[in-house]
Every structure is written in C-alpha cells, then in structure tokens.
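Peer 1: Listed below, chain by chain, are the residues.
Protein chains: 2
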Amino acid sequence: MEEQNIVVVGGSAAGPKAAARAKRLDENANVTLLQKAPELSMASCGYPYYIGGNFDERNQLLATPTGVVRDEAFFAAAKGVNARVNTEVTDIDRQNKSVTCVNVLSGEKDTLPYDKLILCTGATPRRPPIPGVELDGVRALSEMQDADKLRQIRDAGETKNVVIIGGGLIGIEVCEALAESGMNVTVVEMLSQLLTFLDWELAKLVEKHVMSKGITVHTENGVAEFLGETGKLTGVKLKDGSVVPCELAVVSIGVIPNAALAKKAGLEVGDFGGITVDTHMRTSDPAIYAAGDCVEIPSRITGKKTYAPYGDLANLEARVAADNVILGDTASFPGTVNSGICKVFDLSAGSTGLSEQRAKAEGYEVITATNASLDKPGFMGAKLLVSKMVAEAKTGRILGFQCVGPGEVNRQLAEAAMAVMNGNTIYEIGVADLPYAPPFSLAIDHFITTAHILENKMAGRMAGIRNAEVKEKIDAGSTPFILDVRAPGEFEAMRLNVGETLIPLGTLRNSLDKLPQDKNAEIITFCKISMRGYEAQRVLEAEGWTNVRVMEGGIMAWPFNVEC
Amino acid sequence: MEEQNIVVVGGSAAGPKAAARAKRLDENANVTLLQKAPELSMASCGYPYYIGGNFDERNQLLATPTGVVRDEAFFAAAKGVNARVNTEVTDIDRQNKSVTCVNVLSGEKDTLPYDKLILCTGATPRRPPIPGVELDGVRALSEMQDADKLRQIRDAGETKNVVIIGGGLIGIEVCEALAESGMNVTVVEMLSQLLTFLDWELAKLVEKHVMSKGITVHTENGVAEFLGETGKLTGVKLKDGSVVPCELAVVSIGVIPNAALAKKAGLEVGDFGGITVDTHMRTSDPAIYAAGDCVEIPSRITGKKTYAPYGDLANLEARVAADNVILGDTASFPGTVNSGICKVFDLSAGSTGLSEQRAKAEGYEVITATNASLDKPGFMGAKLLVSKMVAEAKTGRILGFQCVGPGEVNRQLAEAAMAVMNGNTIYEIGVADLPYAPPFSLAIDHFITTAHILENKMAGRMAGIRNAEVKEKIDAGSTPFILDVRAPGEFEAMRLNVGETLIPLGTLRNSLDKLPQDKNAEIITFCKISMRGYEAQRVLEAEGWTNVRVMEGGIMAWPFNVEC
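Chains as they are written, first to last, in the numbering used here: chain A, 1 to 564; chain B, 565 to 1128.
One thing to keep in mind: the hints can contain errors.
Partial list, computed: chain A residues near chain B (C-beta under 10 angstroms) [stated by the list, open to error]:
(1) Leu-112
(2) Asp-115
(3) Arg-300
(4) Lys-304
(5) Ser-339
(6) Cys-342
(7) Asp-433
(8) Met-531
With a straight-line Cα cutoff of 30 angstroms, these simulated DSSO-like cross-link-like pairs (lysine-lysine) come out [as the list claims (entries may be wrong)]:
(9) Lys-947(B) <-> Lys-803(B)
(10) Lys-724(B) <-> Lys-801(B)
(11) Lys-383(A) <-> Lys-947(B)
(12) Lys-803(B) <-> Lys-772(B)
(13) Lys-239(A) <-> Lys-149(A)
(14) Lys-213(A) <-> Lys-772(B)
(15) Lys-383(A) <-> Lys-777(B)
(16) Lys-947(B) <-> Lys-958(B)
(17) Lys-1078(B) <-> Lys-1037(B)
Pulled a few chain B residues facing chain A out of the computed Cβ check, cut under 7 angstroms [what the hints assert, rightly or not]:
(18) Glu-591
(19) Asn-594
(20) Pro-873
(21) Ile-905
(22) Tyr-1000
(23) Pro-1002
(24) Ile-1008
(25) Gly-1024
(26) Ala-1027
(27) Ile-1029
(28) Ala-1032
Rather than coming from a laboratory, the hints here were simulated on the basis of the structure.
Quick reminder that beta carbons are idealized off the backbone N, C-alpha and C, glycines included.
Taking the hints into account, I'd like the entire structure generated from these sequences.
Peer 2: Okay, here's the thing in structure tokens:
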C-alpha cells in the first residue's frame, strides 16, 4: 500500500481522535497532527473542576486513564502520530494539497503535503464589543492557559468578587467553581433565564438553587461597561445602570467556530459561521474533512443545520471523518439532538432535543407535561427530579426532555436522548422495559411516568396548567379556585399561600360542598407533585365541574417563593 | 353511564395499579380490589433493604411518597377503590361473571359480580423437593411476613450462619442484606455461575467481589438435604457431600406463577405455567384480563412467550390491562427485553436483552465485545465499568448488553435497554448523541465505546479472544505468546503472571525483535482495558504477523487471580 499523508489541524478533542483513529485504520499512513497551543488532547470540559479545586494535578487534564501525559512523545510512541505543538496552520493550498504552518515560538515556517486534510480548528469564545473589555481582569475560559490563570487566581485567594457574564453551561460551571473557591459571585444574563436549553420554569428552579448558594443572579440585564483603574478591572456597570464591584470578570457568552482558515482557502461556510460538511464530515473540497467545534451539523430532529459545539460530538465526528478519510466515504454522522447536562452545586440539569420554546420556534405544534417525583423509592434515600417532556401534538413523538434536580438526572437524560434519537412516541415509552431495582429507580421509572402524564393530557383526561400561568393569573388579580389536595401536615410544612383552599384528596369526595357551586368556575388543583392533583381533577370532572386543571409538577416544581 | 363492576384479584404491585388506574379512567366504575395478604401495595423489591437494615420503619414498604400507608381506608378515600385484605378468591364463575372469595381470618364467604375481572395473582417461590425443607429455619422471601421474619432474625442477632440456596437476583440481594447484618453467609448455586442473566465471565467478576466480602460461594453444587435436630435446621448437606452448618437457610431458586385460580376456571395457561394473555393483556376469556407475575408475555427480541416476573413490568402491564378494561382494547403491551439490575455490595450488575449464551440458544449468530473502562474522566473520581455487548453478526443489531462494576452501571443499562427495544445497531449507537459532562460520563460514553469495539470486530480490524479462552489455553499447556503492552509501573502493581511478556505499547514499534519471529505464531495482546492491546494488534498486523488477538477487557476484566 502506498503511504498516504494525512494532516490533521487542531489538537484538542477532535484532532487527536481523528489522527489516532486514522493511524489505527492504516498503520502505513503518515499522520501529522498540528496544534497551535502548547498542549495536546486537553480535557477542556474538565477545566471548571480544575479551577474549582476538585483536583490539583493539572496534568490530569492531559493524561490517559493510566496517567501518561499525551504530549508529542506520547503521540509518536503510542499512537504512531507525528504531533507538533505550538504550530499554527496559516494557509491551505488546495491546488497543491499542502498546508503552510508556522511555529508560534520560533517563527519557523514549514509546508506539509497532504493527501487528505482534516480540519479540527475548534472555536473561540465570543467577546462582547463593550468598553473596557481589554482591562486586566476580564477573562474567558477556553484555552488551557485560561484554566491555569483562573486556578492561580483561586489559589492566590486575593480575588473576592467576580462577575460571570453569561448564564449558559460554561458560565454556570465557572460560577460554581469560583463560588466553591470562596469568591462572591454575581451572574449576569441578558435573557430572562439561565441555561437556555431549559424552558423558563425549569431554569427558574436552577436559578433558585444557585441563589440559595449565595450567588447573585441578574437576568434580563447585560454589561454596559467594564470599569477599571490603571488598566485593572474594578467593577462591571450593568445595562440597568447599577455597578457591581469586582476584580475578576469571566465572559462566557458562547463560542464562535474557528473557520477563518477554511474560509481563506475558499471552503464553504454556513449560516452559523461553521465549516459546511456533508454527512461524511467532508467539506466542499473532497480532499478536506472537518470535525468538532469548527463545523455545522444537522439537527436530527428538524434536519436543519445547527451549531453544536459539544466535546462528545467532536470525538464522534472526528471518528467518522477518519473512517471516511481512510476507508472511503463509508461512515455517516447523523447530527445532533442537542443533548447536554451539567452539575450546578447540588443539582444536575440537562436537556435533550427541543425545549418547548425552541420547538414552537421551529413550527411544531406541541404538547408538554411536567413531572416532579422522587428518583427512587423513598426508603432508599430518594431525591427529587423535575422534568418536562415536549411531544409533537399530532403524533406523540417525543421532541425533547429536560430534567433538573438533586436526583438521578443522568439516567433520565440518557434514556430521553435515546428516545429522541429513535423518534419514540410517548406511547412507546409508556411501556418501556427499563432496568429496575430500588437502589436505581422507581418501579415505574420517572421518564416513563412523564410519558404517562403526557399521554393522559393527549387523551384529554388530564388538563394541565403551567405554574407560571397560575402565578400570572394571581398577579393579575384573577381569582381561580386553587385547590391544594395534600395532607394537613404537608400544608403546615410548606404552602403556596396564594389563597388556596386545602381539601385533602382522601376527603374530597365528601367535601364537594366546599367547592365553588358554579360548575363552570375555574378550579386549579395541585398537590406535592400533582399525582393527587390529577386524581382530584378526575373526581371533580365526574361530579360535573367543567373547568378543572392540574398545576403540573405540584408544589415541588413551583419556581416562586413558598411559605414554610 | 351505567356503573360497571371491575374486580381486581391481587393487591401487591399489578393489582393496586390496575384498580387505581381503572378508577381514574372511570370515576363511576365500581372497583373492588381483593387481596389475600393482610397488606396492600407492598414494595416487595424493597424487602432485602428492610432486612439488611437500610431503613427501620416497616411501613415505608407500604406507604406513598408522602408517608401515608396504603391500607383499605387509603384506597377507599384517596383512590375510590374498595379494597379488601385477607380475602382470597377461590373460584371464578365465568358463566355468571362472578368470583367467590373467602375471608381467610373469619372464614366468611362472599360472591362478587364483575363486568370485567383483572387477575394479578402474582407468583410463589419455588420450593425444592428436598428432605428437611419443612424444618424450622428454612425460609423464602416472598411475602411481607417473610421479610418481617428475616428482619426479626437480623435484629435478634442470634443467627450466625446462613445458607442462601440460589445465586439469582433475590439470592444475591438477601446475601448482601444478611452479610451486612453480620452473619456468615454461604451461597449455593446449581449452575456454574451466579446471576444467570450475565454471561459467565461477567458473573465471575461478581462472584469474585462477593467472595471478597467474606461470603463463601459454591457453584455447580446443590442442596442434598436440610439437616435438623428437634425440628430445627442445623445445617445443609450439599450434593458434593460436604455439610455447611447453619441456623438459617433462605431458598431463592426462582418463582412460579400463581395460575391455579385461572386454570381452575378454564383459562388458558402457557408453557411456563403463566396465564396466557394477548397484547391487550386479555386472557382467553374476553371479560378477564391478567397482569404481573402470574402471566407470560412475549420477548420483544425473539417474539416468543417468556416469563418475566419483574415489579416494573407488573405495573406497566396492569396499566395496559386497566386501559383496555375501561377504554376497550386500545392499549398494547409489547413485552419484555428482560432488563434487570441489582446492587451487589459495592458493585452494580445488570443486563438487558439476551446474553451471548441465551442468544446462541435462541439460534442467533452473534458477535460480542467486552469493554472495560472508567465511567467518567479519571479526575472526577471515576470508577470501573466492565460490559459485554452482544450483536447479531449479520446486521449489527444489538441483542443484549451486560454491565458490572462499581461505576455508573445504571445509566449504561438504561441506554442499552432503550437500544435493544429500538432494535438499534452498533453503527447507530456509534454516533449517538448522549448527554456528556465530566461529572456524568466519559466524552465518548462507555456504551458508545463498546459499540465501537464491536464495530472494529465486525469489520475484522480487531480480533478478540475471551479471557476464559486464554485461561483455558494456558491451563491446557498451550503456549501462545502473551503480550502485555502496559507500562512497567502498571505491570509492577498487578499482572496476570501466566508467562506474559511486557513490551509497553510506546516501545513496541522498536521492539519487534522481541516477538516470535514466526509470523504465524499465536500472539495474544492485552493492557489494562485493552485499548492499547488493540493498538498493539494493529501495529503487529501491519508488520506482518497474522495470528494476533486482543484479550478483551484487559486485566480489569480478568475474572481469575492476578498477582499484585
């Protein structure tokens, strides 16, 4: 076999995967990996945990599971890959199939021929065009050096106040890391909620939890100006005019694909600024493939191109690219369902598929269900899960699922991701055979129960109302009859205090005289999680009331204040 | 609407679910729940955890998530269901559509008419026809009273030695419970392994762990006789003639469906002794439905009827039965993929779909892969997972997946169950978009990696050999060249000590002279988990060796002794 030259540009996640896989597929190939940064194969998703002090050994971010640092020597010896760090690729000569690179330390230039080129150039944090953004103390978290710097700041212990700009995934992870390091943290988010992969009411539960940890959260607010003295950050002026004094600001308002090199070479780029690839991860040049945070990939739900810069997808895309480079275009990457998860102090929060908001924006007619339940039987030390399932109204196909809570969110989201990828309906999930034993789940898994609730809604048996809508009604002075069907002891311990009436479910059938006698009166029922609320609705409807709805998720999913 | 009489027989898992669901679907229905035992809605899967002292309040096994005991009064008030405990149904008069029942305390008889009958009569532990089985001290774990008794024995602290007959799911859970209560536990299993839902090599890892907790395990052995004095158990004589002294024996060799009532009424019963139902959970009598441990249901993989007495399925089947009773035969139950999971001291172990052994018995041509890896990045306090995936050789369709380890088995099995139910192939799983963040999984999830390994095997790139086969070769005096490609430090810490040669992967390309110079010599490579073992195979094949195989799962999946 003739030796072929494979050049891979970018050495973070996708690049090393593509290079190593290509070499495994063809031991005779000449595989070169060019990396601008001084490190290779950084576990960049682990930066927040390094910054927060979960572990102290920086090299763990760079090491194999057996502790070997993945440097140039490692790639040469173990992977048979010629890796070159501190090496930036400046040009692609598509005509002659070569790349020009420069050593960023020595300035030395080189030209490398390729038979196949794989671009894994990654992404760069978005920087807001705001006065003062150049001040010392305004940082991002993208490179290993950013992680090093934030860890140094933590270890020095001198920085007391920090503002996080952007309440997305990375913003929230950094927020936790710095708060756990003892800093006063303020999070500023332009939109009306944190973590926009969640719908508002679930995001609000996360926000409540974040605030319970002493974090200040400003939503629907932005940064007007970074304030400084002698070049050093002293505070952040917000759009509402208020000033938050701080010595450190971390900007995490998303990333933009590094597509400049590809663009310069005339490769096609998409609407999100990412390199355009087909299902084989091949760019508009048949000799050039691309993978990772620099590309756009299709949504497996809508079929439209989207930008999904996730570390796991980068690896999978890179593997497909390498397969196709070596074996011909045999492998396909079907795209993303936007599965994401993060730890937020004592909660986990994640989502797969489309949120209600996003599904509606995409033109879907949807129906949703919110479910609050324990993750396991109570006697096993169970914890709460609050979920929302979004399904296509016509077919019952599950379009998305979100889950928040101190409970076992991980399994729930994994199940949901599988369901969304497979186009499962709520009816299919309603009879799913999932592993069950008390240490691991409820007898009817939370995900299945959520499908059951949605099924009851689809069939018109359960009429739900969102807690946010109930709150709006109350705030607007509307007076629905709000019926709490929990037990007196539960009411004593915690209640909405919005003028509700307590009639425990067990006494409801004998207490119908306490209800509005107008059978068309608006009645909203709820309980702890709203199973009993639903049962109350069924009872009242059988007795002739026509306008009864259940507040979904009950008091456990109520994102506003409660009285204790 | 005319009031219809719904009678449900059996009040453990399926019965209460069917009754409550039927009432929710038709508040005007007259729903009666007849239960022979004194309790209702027992969380019987929780018995081992009560026995083992995970919690002390017996009523937690009977209570709703908010702590209300589900007794007759609860069912009447909260569910609108007329529940009658201590009430055994003795006859079904299908002609006149009525059941005869008797109060087991008072002897009082009653006859109840039904429009629709739902049988949820459960199952009974198999009792071995062994001399001495009637001795005081020979017990099973099925009823609440069994749990009470075993808990009393634990609390009394007088019982020192116990023999568990049967190393299945319940046997192992009881083994853990009693061992953690301070007893000396011996497990006796007829077959060559514990937990037969696992293939031998994974079951062996569980056995090793169980033995590390001080448990004695006898496989391929059975009970010849229970020995006693003055009616009290004093020991167990095994088939090999040895005697294990003990004051307590717990028999857990499986259950048989309670179908006598149905049989007596002339309803069809299947090969496993369970009541025959169609996909609507309807028996051979259109007015009678059945659900739970008393029925046979189809395997979703083979399509054949099977017996799957799982608590979660009982609930789901009951829901389908209730739907069809009230709404007409609109709902279907598709069957089981035999998903199961259990906690075994510090391990979790579970399976979904078919094991290799079972798949072969069913006539499938299969290909398998074993994968050992951490569940998360090392810096997040990761733990080991050892898995085996079984796929159809022709199509790559995943037929089964097993997972054992101290790591996050729960998520892995949930993903796998979803994949098996959906008929996913290894190629589909190889590009799955699952939720990833360092606290929750590896960047390439363990389940996906397992599919990748299998894909490499399917493509002929990786040639695997099972560790048991390697052991057999060595024991038979065969001398393959066994190549450990780990680092010297890893070798120092733990090694197979079967005559292997250590050549770290990083030095392999320069150490080819240390290998057998006969290019057809049998070479078996391995490392910690066998990623490097696979890379070594690729290198050697490129260098012309023709008979190189990777020992799957590496040293971490090696179920035999290692040298430390």
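Peer 1: If a hint holds in the structure, say so; if it does not, say that too.
Peer 2: Going down the list of hints, with the structure as the test:
no.	hint	in the structure
1	Leu-112	violated, 22 angstroms
2	Asp-115	violated, 18 angstroms
3	Arg-300	holds, 7 angstroms
4	Lys-304	violated, 15 angstroms
5	Ser-339	holds, 4 angstroms
6	Cys-342	holds, 5 angstroms
7	Asp-433	holds, 5 angstroms
8	Met-531	holds, 9 angstroms
9	Lys-947(B) <-> Lys-803(B)	violated, 39 angstroms
10	Lys-724(B) <-> Lys-801(B)	holds, 17 angstroms
11	Lys-383(A) <-> Lys-947(B)	holds, 22 angstroms
12	Lys-803(B) <-> Lys-772(B)	holds, 23 angstroms
13	Lys-239(A) <-> Lys-149(A)	holds, 28 angstroms
14	Lys-213(A) <-> Lys-772(B)	violated, 43 angstroms
15	Lys-383(A) <-> Lys-777(B)	holds, 29 angstroms
16	Lys-947(B) <-> Lys-958(B)	violated, 34 angstroms
17	Lys-1078(B) <-> Lys-1037(B)	holds, 22 angstroms
18	Glu-591	holds, 3 angstroms
19	Asn-594	violated, 13 angstroms
20	Pro-873	violated, 12 angstroms
21	Ile-905	holds, 4 angstroms
22	Tyr-1000	holds, 4 angstroms
23	Pro-1002	holds, 5 angstroms
24	Ile-1008	holds, 5 angstroms
25	Gly-1024	violated, 12 angstroms
26	Ala-1027	violated, 14 angstroms
27	Ile-1029	violated, 19 angstroms
28	Ala-1032	violated, 25 angstroms
Consistency note: the structure conflicts with the earlier hints numbered 1, 2, 4, 9, 14, 16, 19, 20, 25, 26, 27, 28.
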